[in-house]
Each structure stands twice: as structure tokens, then as C-alpha cells.
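If you read the sequences in order, they're chains A and B. Just so you know, the first sequence maps onto residues 1 to 282 in my numbering. Just so you know, the second sequence maps onto residues 1 to 282 in my numbering.
Heads up, a few of these hints could be off.
Identical copies look the same in the list; a pair holds intra-copy or inter-copy alike.
Lysine-lysine pairs mimicking BS3-like chemistry, simulated, CA-CA at most 27 Å apart [claimed, not checked]:
(1) Lys139 with Lys17
(2) Lys17 with Lys115
(3) Lys26 with Lys115
(4) Lys273 with Lys252
(5) Lys17 with Lys7
(6) Lys139 with Lys281
(7) Lys281 with Lys252
(8) Lys207 with Lys139
(9) Lys281 with Lys147
(10) Lys273 with Lys139
Source of the hints: derived by calculation from the structure; they are not laboratory data.
2 protein chains.
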Amino acid sequence: MTWFEEKLYDHWRQSFKIGRVLFHEKTDFQDLVIFETPGFQRVLALDGIIQVTQGDEFVYHEMLAHVSTLAHGDARAVLIIGGGDGGVLREVLRHPVERCTMVEIDPGVIELCRKFMPDISRGAFDDPRAEIVIADGVKYVAETDRKFDVIIVDSTDPIGPGEVLFTEAFYASCRRILTERGVVVTQNGVPFLQPEELTTTHRRLSKLFPDAGFFVAAVPTYVGGFMTLGWASLDPSNRARPVEAIREQFTKLQINTRYYTPEIHVASFALPKYVQDLMTKE
Amino acid sequence: MTWFEEKLYDHWRQSFKIGRVLFHEKTDFQDLVIFETPGFQRVLALDGIIQVTQGDEFVYHEMLAHVSTLAHGDARAVLIIGGGDGGVLREVLRHPVERCTMVEIDPGVIELCRKFMPDISRGAFDDPRAEIVIADGVKYVAETDRKFDVIIVDSTDPIGPGEVLFTEAFYASCRRILTERGVVVTQNGVPFLQPEELTTTHRRLSKLFPDAGFFVAAVPTYVGGFMTLGWASLDPSNRARPVEAIREQFTKLQINTRYYTPEIHVASFALPKYVQDLMTKE
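Construct all of the structure, not just a fragment, from the sequences and the given hints.
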């Protein structure tokens with residue numbers, strides 16, 4: 001095997017040249033592989049679908065973490081559902097949050113990523129503000145008594161086990177555990193190739209939140225144009241936060257990003273016409 | 001052959017399932033194929049590199065044509081270099097321009113696209129305001145006595161014959177034939193995978209224009225995150241044109257777009273940090 005071919009779509013494929021396979025485990029339940037490829041360094045694929053690459057993970061990890069946190073402006077308690085590689089956790093902890101709780105269903109993913117892709121979490125799991133809960137995210141949000149300012153859903157695509165993280169019941173539980181001005185952001189696929197996902201998510205979020213929609217990011221290995229990130233907020237003013245206020249708060253953090261800027265933050269809410277059309281599709 | 005595999009990069013490939021091959025000509029000079037694929041309809045590939053697909057051409061054709069024309073605000077004479085498929089011509093002619101001159105070096109490309117991909121030009125070649133010149137674009141801009149408000153360079157990548165459209169001499173000729181507030185926009189590749197191209201173009205354009213930079217578009221089949229479109233303007237106020245003014249002019253056109261909106265126009269000038277860093281790289 002010298003090429004890894006992703007088979008997410010039946011008419012279109014991407015392939016990565018394999019430099020070295022670092023880990024491969026094929027069970028009755030799943031096929032997990034971590035390999036190295038020039039241009040994207042280490043790649044984790046689950047059941048033949050690319051989950052994360054070291055080369056471009058910064059795009060969606062930065063966008064999930066910084067857009068949500070800086071739109072809110074005063075996030076103290078943050079909840080991550082999924083995100084076992086630790087990339088979102090790493091970015092959230094660059095903010096002065098009091099606690100970041102990460103609920104991951106599979107401890108094996110955390111262990112593998114810490115071992116083979118340590119550059120993604122970069123010590124975030126050892127931060128005293130990080131609380132790692134090994135549990136079913138759906139059950140967690142349905143049962144917890146805690147409240148959160150920001151919830152970040154870093155899930156797989158809505159196929160197989162990840163599907164429950166796209167249901168109305170899950171979104172309703174998220175709303176229930178948000179503080180007054182709370183924000184939820186989610187991974188929502190590539191609408192050019194997965195259009196139904198966007199229409200369905202928008203219908204479900206709109207029922208539950210006064211401000212529901214999407215923002216976009218261009219992720220090299222999530223091919224097909226923009227990926228959309230779901231946006232649901234109890235306070236519509238979070239979306240409208242002026243770039244000057246975001247810039248002032250971001251500058252104080254004194255952090256380096258590779259994709260996110262305050263200007264990109266604001267710009268990411270401008271949606272291409274075909275995405276807008278999918279939102280209002282019956 | 002049931003899959004078409006693009007080999008633009010040595011470590012990463014995309015493949016399209018071939019439904020039907022409509023045209024294939026392999027000579028000593030080039031290998032040109034037009035085929036059908038589910039999801040992107042008809043695709044034209046030159047020497048193994050995807051040039052245009054019917055499914056997503058709207059993204060960069062709309063962005064090249066509308067951002068340049070609406071940033072200028074009063075474009076009467078527009079010049080297209082390349083663009084043999086007629087997609088940019090189609091979008092420019094939706095504006096009340098007096099004349100749109102298209103300089104294409106290869107009449108064969110125009111003929112093939114009109115025959116096999118008529119949905120791209122959609123009658124634009126028959127518009128009385130369209131002037132089609134079969135000539136070398138480099139020679140044309142160096143010699144013409146005419147002036148243009150907007151120049152759109154719809155070229156291939158800077159490999160092989162397309163390379164001359166990325167030189168300082170070519171950009172200087174463009175500047176020479178611009179009217180006072182003129183704008184040049186160019187196809188400038190995918191910076192995540194072709195970083196040198198962006199750095200080089202920025203250095204060359206900055207020497208010649210008071211306002212030089214890039215704007216971005218997410219094109220499904222130009223994989224690797226954002227593609228950048230080069231921006232060079234004699235008047236810095238073109239870039240800063242307020243969204244309200246753009247919206248007012250765009251609304252009057254009464255046209256449907258699938259990617260472009262006035263909000264996307266403004267947002268497309270917000271560049272990810274890694275793109276900004278490439279601009280200032282030595």
C-alpha cells in the first residue's frame with residue numbers, strides 16, 4: 001500500500017501518498033489507521049474517512065474555538081463534545097476560561113492521538129483547567145446539572161455513531177445547559193457535496209434558538225469548497241459583535257494563529273448564495 | 001478507464017468517476033479530455049490537470065467578474081486574458097459594460113467549450129458587446145493602444161505556457177493600459193499547496209500598483225482550501241468600497257448568482273493568517 005484513498009463519496013476521491021504507517025487496527029467494529037504523508041504530515045483515518053491531519057487541523061480547530069469564544073466575549077465554562085485529538089481543547093485553553101470540559105466517548109482515540117499526534121493537543125490534556133470526561137456526549141448533555149457559556153461539537157460526519165450529535169433532541173439538551181447568552185457551534189460537513197446535512201441542521205437549530213445559522217472555513221482536506229460550522233446562539237448580539245471589540249480582546253490574548261483573525265471571524269458569517277439557498281430549502 | 005486521476009501534486013491526488021468521455025485528443029503538444037462525472041457534470045482537463053468543471057465553475061467565474069467590476073463601480077471597457085470557456089465573459093456581460101474584449105491564444109479551446117460545454121458561455125460569445133481576439137495575451141497587452149477599466153486574467157497555473165501571465169513584464173503592461181481607477185484581477189492558485197506562487201505574485205504586483213493583494217474563493221475542485229485571486233488596483237478606494245454601495249449596484253443588475261453576494265465580496269478580502277504570512281515572506 002503506497003496510497004491511501006478516501007472513499008467518502010461514490011463519484012469523487014482524494015488520495016494521499018503514504019510515507020509510513022504508524023498505527024493500524026482493524027476490528028469488527030472499525031478500521032483505524034494513522035499514517036504519514038508529505039504535505040499534511042500525520043493523518044488519522046477512521047473506516048476509510050480522513051478525520052484529522054496535522055497539516056491542516058489548525059483551520060477548523062481555530063475556527064471552532066475562537067469564533068465561539070470571542071463572539072461570546074466572556075466565556076468561563078466551555079464544553080467540548082467529541083474532539084478526542086485535543087485540537088479544540090488546545091485552542092480553547094488559550095483563552096482565560098475557568099474550565100474546559102471535554103466529553104469524549106472513546107478513550108482509545110485520546111490515547112492514540114496523544115501518542116502518535118502529540119502536536120495536536122500540545123500538552124492541553126495536562127492543563128489544570130481541562131476536565132476530561134469519558135462518556136456518551138448525548139447522555140452527558142441530557143443529564144448534567146452544570147451550565148456552559150460555549151458548547152463546541154467536534155463530531156464526525158452524521159453517518160453511523162456520529163449521527164446522534166445532529167438530532168433535535170441533542171440540540172435541545174445543549175440549549176438547556178447553556179447560560180443566558182450561550183453559544184453552540186458544530187461541525188457540519190461540506191455543503192457542496194453534502195447538501196442535505198445543512199438543510200436538516202438549519203431546520204432543527206432554527207426551531208430551538210433565536211439565532212441559528214452557519215459560518216464557513218476552507219479546510220484543505222475536507223474537500224468540496226467551504227465546510228460549514230453550525231451556529232446557534234441564545235443572544236443574537238453574539239453574531240453581531242463588532243470587529244473592533246473582537247480585535248481588542250484577541251490582541252490581549254497575545255496568541256499566534258495560522259487561520260483565524262478577527263477579520264476572518266466576521267467574514268466567516270458571509271455565506272455563498274448556494275449555502276444560503278440550502279438553508280431555506282424545504 | 002473508469003476514473004480520471006489528477007496528478008497536479010506528487011503527494012496528493014483527486015479522482016473523478018468517469019461517466020462518459022465526450023472528447024479526447026492527444027497530440028505531441030497536449031492531452032485534452034472532456035468527460036462527464038456525477039456531481040460535477042462535464043469536466044475539461046488539460047495534460048492531466050482539471051481546468052474547468054460545469055459543476056463548480058460558477059464560483060471563480062462569478063468572483064473574478066463581479067468583485068472586479070463592482071469594486072470599480074463604473075466599468076465600461078473590460079479585458080479578459082484567457083478564459084476560453086466563456087464563463088468570465090458570461091458574467092461580465094451581465095453588467096452594463098460597453099465592450100468586453102477577450103484575448104484567447106487558442107481558438108480550439110473556445111470551439112471545444114462552445115460545442116461540449118455550452119452551459120458555461122450560455123450565448124455570451126454571440127453578445128454584440130463581446131469582442132473575441134485570437135492572440136497572445138502578453139503581446140496584446142504590450143501593444144494595444146486601448147485602455148480598460150477592468151482586466152481579468154483567467155489563466156492556467158504558472159507552469160508551462162501559462163507562466164508568462166505571471167511575470168512582472170505582463171503586470172506592467174496591464175498597468176499601462178488601465179484607465180485612471182483601473183483594477184486587475186488574476187487566477188493565483190491554491191496557496192496551501194502552491195505557496196511560492198502567492199509570495200512571488202505579491203512581490204511583483206506590489207512593485208507596480210499602489211494597492212496590491214489577494215481575495216479568496218473556495219472552489220470545490222481546486223482543492224487545498226482557499227484559492228487566491230490576485231488583486232491590483234490603481235485606486236485604493238476600490239477595495240474599500242462600502243458593502244451598501246456594492247449592494248445597491250448589484251441589486252439593480254437583477255441577476256441570480258450562486259456564490260457571489262455583496263457580503264461575500266467584502267468578506268473575500270479577509271485573508272487567513274497563513275495567507276497573510278505568505279505575502280510578507282522574503
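To see whether the hints hold, each was checked on the structure:
For the homomeric pair Lys139 and Lys17, neither the shortest alpha-carbon distance inside one copy (39 Å) nor that between copies (41 Å) is at most 27 Å. When the C-alpha separation of Lys17 and Lys115 is checked against a cutoff of 27 Å, the pair qualifies only within one copy, where the shortest distance is 22 Å, while the shortest distance between copies is 37 Å. Within a single copy, Lys26 and Lys115 get their C-alpha atoms as close as 18 Å, which meets the 27 Å cut-off; across copies the closest is 49 Å, which misses it. Taking the shortest alpha-carbon separations for Lys273 and Lys252, only the inter-copy value of 17 Å comes in at or below 27 Å, while the best intra-copy value is 35 Å.
In this assembly of identical chains, Lys17 and Lys7 lie within 27 Å of each other by CA distance both inside one copy and across copies; the values are 15 Å within and 12 Å between. In this homomeric assembly, Lys139 and Lys281 never come within 27 Å of each other (Cα to Cα): the closest approach is 31 Å inside a single copy and 49 Å across copies. Taking CA atoms no more than 27 Å apart as the test, Lys281 paired with Lys252 passes between copies only; the shortest distance there is 25 Å, against 41 Å inside one copy. In this homomeric assembly, Lys207 and Lys139 come within 27 Å of each other (Cα to Cα) only inside a single copy, at 21 Å, whereas the closest approach across copies is 59 Å.
Taking the shortest alpha-carbon separations for Lys281 and Lys147, neither the intra-copy value of 33 Å nor the inter-copy value of 45 Å comes in at or below 27 Å. Proximity of Lys273 to Lys139 under the C-alpha cut-off of 27 Å is found in neither arrangement, the shortest distances being 36 Å within a copy and 38 Å between copies.
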